[in-house]
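One letter stands for each residue in the lines below.
Number of protein chains: 2
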Amino acid sequence: MATIKAAVHGFGNIGRHVVDCLANARDMECLGVIRRASSLGTRSSDLKGCPDFASIDELAAKQGRPDVVVLCGPSRNVPSDAAMYLGKGYSTVDSFDIHDRIPTVVAELQEAAAENGVKAITAAGWDPGTDSVLRALLEAMAPTGVTFTNFGRGRSMGHSVAVRAIKGVADAVSLTIPIGGGRHSRLVYVLPEKGASFEEIKKAIAADPYFVHDPLDVREVESAEDMERVADNSHGVLLERTGASGSIGNQRFSFDMRIDNPALTAQVLVSCARAVTRMEPGAYTLIDVPPVFLLPGDRMKNIARLV
Amino acid sequence: MATIKAAVHGFGNIGRHVVDCLANARDMECLGVIRRASSLGTRSSDLKGCPDFASIDELAAKQGRPDVVVLCGPSRNVPSDAAMYLGKGYSTVDSFDIHDRIPTVVAELQEAAAENGVKAITAAGWDPGTDSVLRALLEAMAPTGVTFTNFGRGRSMGHSVAVRAIKGVADAVSLTIPIGGGRHSRLVYVLPEKGASFEEIKKAIAADPYFVHDPLDVREVESAEDMERVADNSHGVLLERTGASGSIGNQRFSFDMRIDNPALTAQVLVSCARAVTRMEPGAYTLIDVPPVFLLPGDRMKNIARLV
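For the record, the sequence lines run as chains S and G.
Take the first sequence: its letters are residues 1 to 307, numbered as in my numbering.
Take the second sequence: its letters are residues 1 to 307, numbered as in my numbering.
Think of the hints as simulated: they come from the structure by calculation, not from any bench.
Glycine included, each C-beta is placed from N, C-alpha and C at the ideal position.
One should not assume that every hint holds.
Stated by the list, open to error - Selected chain S positions facing chain G (in silico; Cβ < 10 Å): (1) A23; (2) F198; (3) Y210; (4) V292.
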């Protein structure tokens, strides 16, 4: 089986897990990690023997060109990072997760990918990502009906970042707790800066657009150690649909998943890094990808095993 | 939105539901039903206004050529039916469900489809079919681990037919009951022919290759009316996987579905009839199909809504 050569851009929580997933994929190889020059060589046990570089050009000069670059920087940087790599003739995968901007990002990356004869899969995590595939599949099975995506209990990165941006907040964790019907309450742990008023912070959170629509419970923690105690990586989703196939109702579906969040995001990225090598030039989301492309090995053997 | 023109081959339990699903799909149209000449015009309310014909040639002469023929005859006839339609230049979808023959059928249809520049999706029901997509997706999310497919409680067509073939059996229904770990027990209702020995039938069922591996409970019913009471269309599946993303274990997934069996099979066929018009020439299973192809409407709008 030909080996797929990957490079990893960014070495935060997701990037470390991507290196781990690549090390566990027999048909893939990690050529190296691209990270800030000031960090080179640090946390080397997490690198699992992969060399690290300050740029793709240095990586390519030393290791040869990768088939795909797995983007593991912050979501807000993904569109420009992806465009840069596509412009240099590298295919990319990313887990861009700002839902309402996804169509725009697909259109932008489509242009860059087509121009350079390469491919991109964007929004490739679990939501957006594999949950999106499930939502599409359930609509194909019961076109009339309502799907509820119930997140949690787990830490929401977006909401946590929003609280950390509030004046007087030293650190914060926002947990998403499902309350049914695809709706959620928020449980926020806040470590105030010295001298900051917890009551003022509470009011600012309640007025923030991220929180204004949902039931809210804000709790004060007293130290960084206490914050660490509540900041684990467990997450989950309960995706539910009741609908009709043709005119026959009471078709009932539920998908329940309980996972380590960065590990799953990284694994979906790595499976998509495999898939992207099998796509035609262009930009895609997971609902554009034939599921068999995500798996190692021969298509016909996978059909025999899974269909 | 351009209308997809479908014809329905076979008008049994699945065929009737396919006509119903097509009537409920705003982007699709049923040009007609192809069935035995002796049945033409019967059960006309189920036809929902669709004309019926004894052959595709008669249908095409009167209604024009369909974009796709939905095959709703018995599984054993599917490979030859599909080859016949592909040979005449029609794309097909079918719910062929004899798992161990699927790779062979894909290879046969691939040849016929490529030769005639048309497309086929085979094994397009819920298992094989949408369950296959889930099994593929869960492996992409947690490559190491075990998936259990637990069927039921519901009627197994294959097992019911196997019992009906036993000497002395007037009618039979075999229910599949999950006992965990992807294993099943069988509860079989038998109506013996007049004068036949129930004890002999019981022994023959226990020795049948369809039943020899599973816990078995055979019960006698006394009349066709009693048999009707147990022969409903409810079915379901619980698909479970626990595995690892990279080296991180305890990733847990379960998909639970409770459905009317022929209605769901028909709906998947109709969604695949839409998808097949968007594929390149060739033969496919559901794990080869980009999920977005299954849905009506504009790709980018579906991405905005579902991703």
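Cross-check of the supplied hints:
The interface hint given for A23(S) holds, since its Cβ lies 7 Å from the closest Cβ of chain G, which is under the 10 Å cut-off. Annotation: F198(S) was flagged as interfacial toward chain G, and the flag is violated, the nearest CB pair being 35 Å apart, outside 10 Å. Residue-level restraint check for Y210(S) is violated (minimum Cβ-Cβ distance to chain G is 20 Å; threshold 10 Å). Annotation: interface hint on V292(S) holds; nearest CB of chain G at approximately 4 Å, less than 10 Å.
Of the numbered hints given earlier, the model fails hints 2 and 3; all others are met.
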